[in-house]
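Novice: Here is what each chain is made of, one letter per residue.
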Amino acid sequence: MEPLLRLINVKKSFGDVQAIEHVNIDIHQNSVIGLVGGNGAGKTTLLRLMSGVYRPTEGSVELSNKRPVSEMRSVLGVVPESTGLYSKLTAWENIRYHSRLHGIDDQLAWNRTYRFAKLLDIDESLHRYTEGFSRGMKQKTALLRALAHGPQILLLDEPTGGLDVTSARTVRQLVRNLKNEGGTVIYSTHHLAEAQQVCDRIIIVHNGLIQADGTPDELLGLTNTKTLEEAYVLLTSETARPRMEDTEQPSNISKLWRRLVTPSTKMEVNEDE
Amino acid sequence: MSSRKRIVIVAKKEIIEFIRDWRTIVALVLIPLLLFPLLFIAFPIVMQNEAAELDEKTVDILIQSDDIESTLVEMIENQSAYITLEPLSDDLTTLSDSENSTEQLRNLEYDAILRIELRNNTWYYAILHLSTSEQSNEARSRILGVLIQWEEDLTAQRIESAGLDVESTLNPLQWDGIIADGDVATKGEQAGMILSLFIPFVLAIWTASAAVQPAIDMTVGERERGTLESLLSLPLSRTELLLGKWLAVVSITAVGVTLQIGGLLFGIAYLASDFIDVPSLSIGAVLLLALAVGFYGTMIVALYLALAMRSKSVKEAGSVLTPITLAMIMPILLTQFINLDDVEMFWFGVPFVNVLLGLRELLLNRIILEHVLVWVFVSSLVCLLTVRYAAKQFHREDIITTKS
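As they're listed, the protein sequences go chains R and P.
FYI, the numbering used here numbers position 249 of the first sequence as 249, with every residue one higher than the one before it.
FYI, the numbering used here numbers position 245 of the second sequence as 518, with every residue one higher than the one before it.
For reference, chain P alone in the conformation it holds in the complex:
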């Protein structure tokens, strides 16, 4: 029997055993598949509901002024606001001085306080509010909206009374046509730009977290359950055993990542098509994307299998792999901040970071040969090293009763 066949037999058995647990199916299939569509559906609904709820609310506003115009008060009242008017206090250093009014806002007596005063033909104002209260923020935003409108009317009146044309005075410089038409990037390229921030993040986080459980279960878990010894006495080399298990973990992780990215693209294409398009990528970019994902998966899974096999118990393996998974956020964060237009070559030599950077470039449909060559070379080397390290752990004689 060929070595390939034995590897497939091991992988098949591992996958069957893994998916027999219904919780695995929920974690592996349902959550990644539904996460983004649900986010795309739920987010707008929740945000719209919250906004509508706030719109319907009547806010309490205290206006402190000695000379406010009745038109302005009416305009604020029309924004579903209860108005209380009182004169300005004499002991204020500036209108923003909140010392005397803090309690009124903190105990929610008023949602916002507008102070306004006319000095030398100029209106001075301040809005006091409590930024940690949604309702106070809403009251402030309604006042601001009204003030902007009132200011525009006032400005127009003053320009007109000076004998000038309002439109050409206020907007002496104007865009001609549709602003979006000035961007030469296609909608697909723009989508690639947005997704280049999303997809490497999803891929890295999901690969790192989804591989932990199967990697532990198939190595130290197998030893703890006492199934490893009988397996090692079969006509199956330890390298074949490692590759079988590696194939199983990679397959399980790949299903999760593919479903999650599928869910993301579905969400974009059908639920958020007004905001973002499906990215347009060349065949070369797609193939290189697959290669980059393959490298990333190989490195992570081989490393996890090795560290899990080194561990004395499932508990110890969990303690080792959990911080490593969290540490994987570092390269992800790094790649989010690197400017791709001016990226230094050495970043493509940094393991893990290089693959994620490569992914970002490819999602922008940029195939820069020197970059690709460096990340492919370095990643191949790191893959080789991690697989060799894993093989070394699997070839240890004491793996049945491992003491690391």
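So here's chain R without its partners, still in its complex pose:
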């Protein structure tokens, strides 16, 4: 079966920093794929490459049937880690804004939204401003927004991060429902247990490289371990690098200015004491 989305030998660098290298991933329909890795592993960079926010430095990201990459954003639904909701708009206005930009009729978007809102138990809050929403409600609204135009692939960046147990469970349930309806979900998380519960394929990312890609059983077989945690520790034994944001350098003028206005804080150890 032809994959829906392919990442072919993708490399992404920011200046001198290699964010990810040698990435080859095929995303097939009707699957939930977990991107698992620690902070700074490259999960978010991978998701941004898939959503077209970043362009690969080398390699390519391709859609099935040789459709142009410009079409990619139409078939994707994206929930970034920050949820990205406008606080002065209601939940429905947030959803409608995105669906309109997808070219979807308001009535059609509303029908889809209401159906999923019922499942997520947020239907009563659709006409409320998102300003006072809890983290869980924001996450659910962002999910509804990503689903309103009927995407073929749903990209979720840490969708249960900061959620209470019940909300996290509801989100996982929704992901499984989507899969049962033939949908495709790419799910980034750093919780192995969660990935094991939700995903039928796990990709372990570490220091910008794909360390392993397969079903939970395949990963256990590959590492000859009994638990996924053991497998993960074995595959990511190399010291983790800092997060990409931490490696960003200020401009030369800023560096020079800071040097001029920062008094020395160096101290010497008094070994006599």
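Heads up, none of these hints are tricks.
Once the Cα atoms are required to be at most 30 Å apart in a straight line, the calculated DSS-like pairs of lysine-lysine come out as:
{"hint": "1", "chain 1": "R", "residue 1": "Lys138", "chain 2": "P", "residue 2": "Lys588"}
{"hint": "2", "chain 1": "R", "residue 1": "Lys88", "chain 2": "R", "residue 2": "Lys138"}
{"hint": "3", "chain 1": "P", "residue 1": "Lys585", "chain 2": "R", "residue 2": "Lys11"}
{"hint": "4", "chain 1": "P", "residue 1": "Lys285", "chain 2": "R", "residue 2": "Lys88"}
{"hint": "5", "chain 1": "P", "residue 1": "Lys585", "chain 2": "R", "residue 2": "Lys255"}
{"hint": "6", "chain 1": "R", "residue 1": "Lys118", "chain 2": "P", "residue 2": "Lys285"}
With beta-carbon atoms standing in for the labels, derived distance ranges:
{"hint": "7", "chain 1": "R", "residue 1": "Asn24", "chain 2": "P", "residue 2": "Trp295", "range": "47 to 55 Å"}
{"hint": "8", "chain 1": "R", "residue 1": "Tyr114", "chain 2": "P", "residue 2": "Trp295", "range": "29 to 37 Å"}
{"hint": "9", "chain 1": "R", "residue 1": "Arg55", "chain 2": "P", "residue 2": "Phe619", "range": "42 to 50 Å"}
{"hint": "10", "chain 1": "P", "residue 1": "Ser553", "chain 2": "R", "residue 2": "Trp257", "range": "49 to 57 Å"}
{"hint": "11", "chain 1": "P", "residue 1": "Leu607", "chain 2": "R", "residue 2": "Tyr114", "range": "53 to 61 Å"}
{"hint": "12", "chain 1": "P", "residue 1": "Gly567", "chain 2": "R", "residue 2": "Asp105", "range": "31 to 39 Å"}
{"hint": "13", "chain 1": "P", "residue 1": "His668", "chain 2": "R", "residue 2": "Glu71", "range": "16 to 24 Å"}
{"hint": "14", "chain 1": "R", "residue 1": "Pro263", "chain 2": "P", "residue 2": "Gly591", "range": "24 to 32 Å"}
{"hint": "15", "chain 1": "P", "residue 1": "Trp295", "chain 2": "R", "residue 2": "Asn177", "range": "36 to 44 Å"}
{"hint": "16", "chain 1": "R", "residue 1": "Leu260", "chain 2": "P", "residue 2": "Lys588", "range": "14 to 22 Å"}
{"hint": "17", "chain 1": "R", "residue 1": "Asp105", "chain 2": "P", "residue 2": "Ile318", "range": "52 to 60 Å"}
{"hint": "18", "chain 1": "R", "residue 1": "Asn24", "chain 2": "P", "residue 2": "Lys588", "range": "36 to 44 Å"}
{"hint": "19", "chain 1": "R", "residue 1": "Glu58", "chain 2": "P", "residue 2": "Glu643", "range": "50 to 58 Å"}
Think of the hints as simulated: they come from the structure by calculation, not from any bench.
For clarity, every value in this text was computed on a predicted model and none was experimentally measured.
No residue lacks a Cβ here, since even glycine has one placed at the ideal position from N, Cα and C.
Use these hints to put chain P onto chain R, whose structure you have.
Specialist: Using the frame of chain R, we list chain P on its own:
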């Protein structure tokens, strides 16, 4: 879906979100709309009240003289003044010598001191006062008023005693008719002359200041709130995103500027119609005015959006755009001092200054083709460059986590 539709969707959402804050409505609608009418109403009221208050005040005047006429003292007394008379001091070098009297004025013992002395049939005088005190200025002005009247009477008496006609001797040259009738400029043109100093100023200052907040909010503000990433993953090009945001900022700024200029014209037409008329402009001048305003708005907003998008944070964007807004006062000041009758062509090639100069000319209903061609060409070029610069910033890959 067409690109135009997507741009409008972005702009509409930005405007809705912006006006949901009531403080924005106050800043965007009420202040610009009411500023000039309130100024036109409040200024005359305050000035009249202050003048009436001063008129009612009794001032303390010290007259130092050895030979002052009683009629002059009475005339000053009739101006609500308490008079104290004392002889002139002998140690004065001139009557203006204030050394001995400074303290009397500074400690407000007297509001003014009149020194007057008759030498060889000529009266010499000096008025000492404290120019930083309103009451002292008022006392001085009352004394001067009386002295002018007294001088006129004295002059008339002396002319008459010499056997001459007072009127033809004092005014051998006189204007015939009404002075204002000699100005061939219509009232509308005169109004245009006054407004050509006002409107470019209002337009430039208001555009530069009103665009700052929305430009920051819709770019780096959006990034800080984490809403930009989800937007960039939509089927919307970055140029469309820029144009949508540009349209929103321009619309918001245009509403503010239009209301402020509307308020100014309303104030002129209904509240200050005794002093100034509504300017008379041809259709061509009005259309070119709109074009000039469009250029100015495009340049400013595109520049602001670009610089705000380059900034790492809302705070940094504020630090960058605030001095730029203040710097915008420079071209405004320059254009106020340039003489339009003898303006050099190169001024119409200086970005920002040229549009404001163009506005001044158009408000005078002057359409000088060479000037218009130069400012239209240069402004089009600068617009293109600023929009391209803004587009470049919006196309940066790192705008989600921007590091400039």
